[in-house]
Amino acid sequence: MSGNQSRADSVQSRRVTWEGCSVLLDINDGDRLVFSRLTENSTLKIGKKNYSLRPLIGCPFGSLFQVEYGAEGSKLSRLLESAEVSNIQENGDYQPVEEHRDNRELVDNNKAQSLSGEDIEELRRQGATGDKIIEALIANSATFEKKTAFSQEKYRLKKQKKYAPRVLLRRPVARSICETYFTKYPARIGFMRVDTLSLLLSMANVAANSDILVVDMVGGLLTGAVAERMGGSGYVCNMYLESSPYPMDIVRMFNFSDEICKRIVRTSLSDLCSVQNDPSEQMGHDVSVTANASDEQMCSHETLTEPAVMEEIAPPSQNEISKCKIPKAGDKASQETIDLWKANGFSSLIVAAPELDTWNTVKDLMPHLSHSAPFAIYHQYVQPLATCMHNLQIEKMAVGLQISEPWLREYQVLPSRTHPCMQMSAFGGYILSGVKICNPEST
Amino acid sequence: MLALDTSKKLSFNKLIADGDLVIVYERHDTMKAVNVCEGSVFQNRFGVFKHSDWIGKPFGSKVYSNKSGYVYLLAPSPELWTLVLSHRTQILYIADISFVIMYLEIVPGCLVLESGTGSGSLTTSLARAVAPTGHVYTFDFHEQRAASAREDFERTGLSSVVTVGVRDIQGNGFPDELCGMADAMFLDLPQPWLVIASAAKMLKPDGTLCSFSPCIEQVQRSCEALRMNFTDIRTFEVLLRTYEVREVKNDSMQGHGGSPSQQPPCKRRQTNEGSNKQESISSTIMARPSAEARGHTGYLTFARLKCSA
Numbered sequence: 001m002s003g004n005q006s007r008a009d010s011v012q013s014r015r016v017t018w019e020g021c022s023v024l025l026d027i028n029d030g031d032r033l034v035f036s037r038l039t040e041n042s043t044l045k046i047g048k049k050n051y052s053l054r055p056l057i058g059c060p061f062g063s064l065f066q067v068e069y070g071a072e073g074s075k076l077s078r079l080l081e082s083a084e085v086s087n088i089q090e091n092g093d094y095q096p097v098e099e100h101r102d103n104r105e106l107v108d109n110n111k112a113q114s115l116s117g118e119d120i121e122e123l124r125r126q127g128a129t130g131d132k133i134i135e136a137l138i139a140n141s142a143t144f145e146k147k148t149a150f151s152q153e154k155y156r157l158k159k160q161k162k163y164a165p166r167v168l169l170r171r172p173v174a175r176s177i178c179e180t181y182f183t184k185y186p187a188r189i190g191f192m193r194v195d196t197l198s199l200l201l202s203m204a205n206v207a208a209n210s211d212i213l214v215v216d217m218v219g220g221l222l223t224g225a226v227a228e229r230m231g232g233s234g235y236v237c238n239m240y241l242e243s244s245p246y247p248m249d250i251v252r253m254f255n256f257s258d259e260i261c262k263r264i265v266r267t268s269l270s271d272l273c274s275v276q277n278d279p280s281e282q283m284g285h286d287v288s289v290t291a292n293a294s295d296e297q298m299c300s301h302e303t304l305t306e307p308a309v310m311e312e313i314a315p316p317s318q319n320e321i322s323k324c325k326i327p328k329a330g331d332k333a334s335q336e337t338i339d340l341w342k343a344n345g346f347s348s349l350i351v352a353a354p355e356l357d358t359w360n361t362v363k364d365l366m367p368h369l370s371h372s373a374p375f376a377i378y379h380q381y382v383q384p385l386a387t388c389m390h391n392l393q394i395e396k397m398a399v400g401l402q403i404s405e406p407w408l409r410e411y412q413v414l415p416s417r418t419h420p421c422m423q424m425s426a427f428g429g430y431i432l433s434g435v436k437i438c439n440p441e442s443t
Numbered sequence: 001m002l003a004l005d006t007s008k009k010l011s012f013n014k015l016i017a018d019g020d021l022v023i024v025y026e027r028h029d030t031m032k033a034v035n036v037c038e039g040s041v042f043q044n045r046f047g048v049f050k051h052s053d054w055i056g057k058p059f060g061s062k063v064y065s066n067k068s069g070y071v072y073l074l075a076p077s078p079e080l081w082t083l084v085l086s087h088r089t090q091i092l093y094i095a096d097i098s099f100v101i102m103y104l105e106i107v108p109g110c111l112v113l114e115s116g117t118g119s120g121s122l123t124t125s126l127a128r129a130v131a132p133t134g135h136v137y138t139f140d141f142h143e144q145r146a147a148s149a150r151e152d153f154e155r156t157g158l159s160s161v162v163t164v165g166v167r168d169i170q171g172n173g174f175p176d177e178l179c180g181m182a183d184a185m186f187l188d189l190p191q192p193w194l195v196i197a198s199a200a201k202m203l204k205p206d207g208t209l210c211s212f213s214p215c216i217e218q219v220q221r222s223c224e225a226l227r228m229n230f231t232d233i234r235t236f237e238v239l240l241r242t243y244e245v246r247e248v249k250n251d252s253m254q255g256h257g258g259s260p261s262q263q264p265p266c267k268r269r270q271t272n273e274g275s276n277k278q279e280s281i282s283s284t285i286m287a288r289p290s291a292e293a294r295g296h297t298g299y300l301t302f303a304r305l306k307c308s309a
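If you read the protein sequences in the order shown, they are chains P and B.
Quick note, the first sequence lines up with residues 1 to 443 if you use our numbering.
Quick note, the second sequence lines up with residues 1 to 309 if you use our numbering.
Read the hints as simulated data drawn from the structure, not as lab findings.
Virtual Cβ for every residue (Gly too), placed ideally from N, Cα, C.
Honestly, I wouldn't trust all of these hints.
[To be verified] Beta-carbon label-pair distances, calculated as ranges:
hint: 1; chain 1: B; residue 1: K67; chain 2: P; residue 2: Q423; range: 36 to 46 Å
hint: 2; chain 1: P; residue 1: Q423; chain 2: B; residue 2: T242; range: 23 to 33 Å
hint: 3; chain 1: P; residue 1: L80; chain 2: B; residue 2: T242; range: 27 to 37 Å
hint: 4; chain 1: B; residue 1: Q43; chain 2: P; residue 2: P420; range: 47 to 57 Å
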């Protein structure tokens, strides 16, 4: 009973932010996505100004904030539901019976707006809210009345994003982290789209009380997503096949409890295959050093090459980290656990390793799976999966083999304006899935 | 099917026992769920299989019939179950199921509401996602289907995680006892907009909702109803395209002079013939998309309950 209660609490406590937690900031309805950690000193840059994120600490995930102009300058303040005047939403439901206007006389020559930038600054100094500024812009636009209702709505939305930007506080979970990385830095996650990731988790039967073998060369996104779905039981074994482990930095963004972090362990293939004990301290030390080094590399890469719109908040200083006590994942698996895996095998396998030879990797790992264990192999290219599938069939190592390519399309749904979105992802990778069989003929 | 505690981990469960549920695999599109019973037989076009031969063998084994035909015995999983369960209604398949679970952000410990239960295809995967500490409350207005679903969940070992209720959700909304308790909700109803108000009461703030509708008109009405209390409303379509793989053998034309017309490379199904032939024959593995594909299942509309103070 008490076990249930603490589990329920941990699901509940994830709903409100705390100092040191990792968050995903959604600026202007998905226009801009930024990962951050809420500390006393962390800030967010909107336009030309840096805004303190302190007001966000202690608020529920899903809270909306707006830039407010006050006597002491501007800051982020929480938009509460009652105060939220949503002109956009009201207009969204309004269906004009007949629209007589059109754009035949509208000329886009930048002369329609009579308020200048200085006029707007003056309004700001007088303490006008963002909404008041938008109303002023509409009143001073020569062409606003001539626009169609839909066009007016679009105009209003555009001005709101500029003069009254909104920040939505999002929970970093597998879905939001994957979507953000896919939008901003897809190469770092091997172009794994969110529907592809979700398929990997299903096809590999990811669930509580499992032992899941993962080869994750996509920054830790896969490891984190698997650990999230295991909820603090069983083990995710993040395996490396060469001399050093692969970076797993994305795991830190999930806000995992200690319980879940303990379940994410690392081991090398050689450790799993070896007969005697390996010296574990030395290996463990090397692991954490490698992880920090790749952290720094990631940050400097960002400041140099990323354009101004896409930024990543710099990680907190060492002082702040020790204050916040971010639980660590990725410790070396204990010998006891490794022995258990040797005896029983893993309950399933997921591979996302663009730099490794697919067939050889699968061939080496398959013997470590339990009987009738499902597996899912991700790749950006179909050819290595085709070769792997063919070989698995010939060697009679698996059944139910299938190569799938997921397809995802989003829709805009508005009255009289429903259609698929203009932008679409054409590519999210391929997956080879199947179930291991025991073949007495091949042993 | 699920490991509800650490002593029952799937990897520990290696040998088939009397009473176990197995998935009999003939081909990738021919599978059947069978409860192993000492003394029973399983019959198909390959012959007669005695269950007693199965008992004590590991899952994943190949077993033979009296006519030397064979099948594989696989351990059940929600994915395999979706492919073998009896269809009392149209069901959801893996592409939609996996996307829904990820997008609803369901993790162990969550409380999930579902209506309608249908044939329990999605329900099985929801159970896996919330187990062992969470729970799925699923409702269907058809008494017989609800009973069949309950039987299925008994058979697959999910009864401790799933509760099936008979209720007309469109007419009466969700039960008051569940107010404010749901982390996530899934609706597969003909008129989901009638349920949105009740959904808003059941969900925790920032809780997630998904509505599955085959027709775009249903989607439009649902989105309109959602705008009052929900935010982050997004609608998607998800589909899977599968690929076929062939080994193409290219005969090398050593010393066959004369004829200008080359033999086209002969396409053969993959075989594992112990090759006595010399390696003048090379082969290429080629992949192409399958000709048939599912064109549409339904639109998935997701939303989050707005946070108030």
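Here's how the hints hold up against the structure:
One distance hint, 36 to 46 Å for the beta-carbon pair K67 (chain B) and Q423 (chain P), is violated here, with the actual separation near 57 Å. Our hint of 23 to 33 Å for Q423 (chain P) and T242 (chain B) holds, since their Cβ atoms are close to 26 Å apart. Between L80 (chain P) and T242 (chain B) the beta carbons are some 49 Å apart, a value that contradicts the proposed interval 27 to 37 Å. Against the hinted window of 47 to 57 Å, the Cβ-Cβ separation of Q43 (chain B) and P420 (chain P) comes to about 48 Å, which satisfies the hint.
Hint check: violations occur at hints 1, 3; the rest are consistent with the structure.
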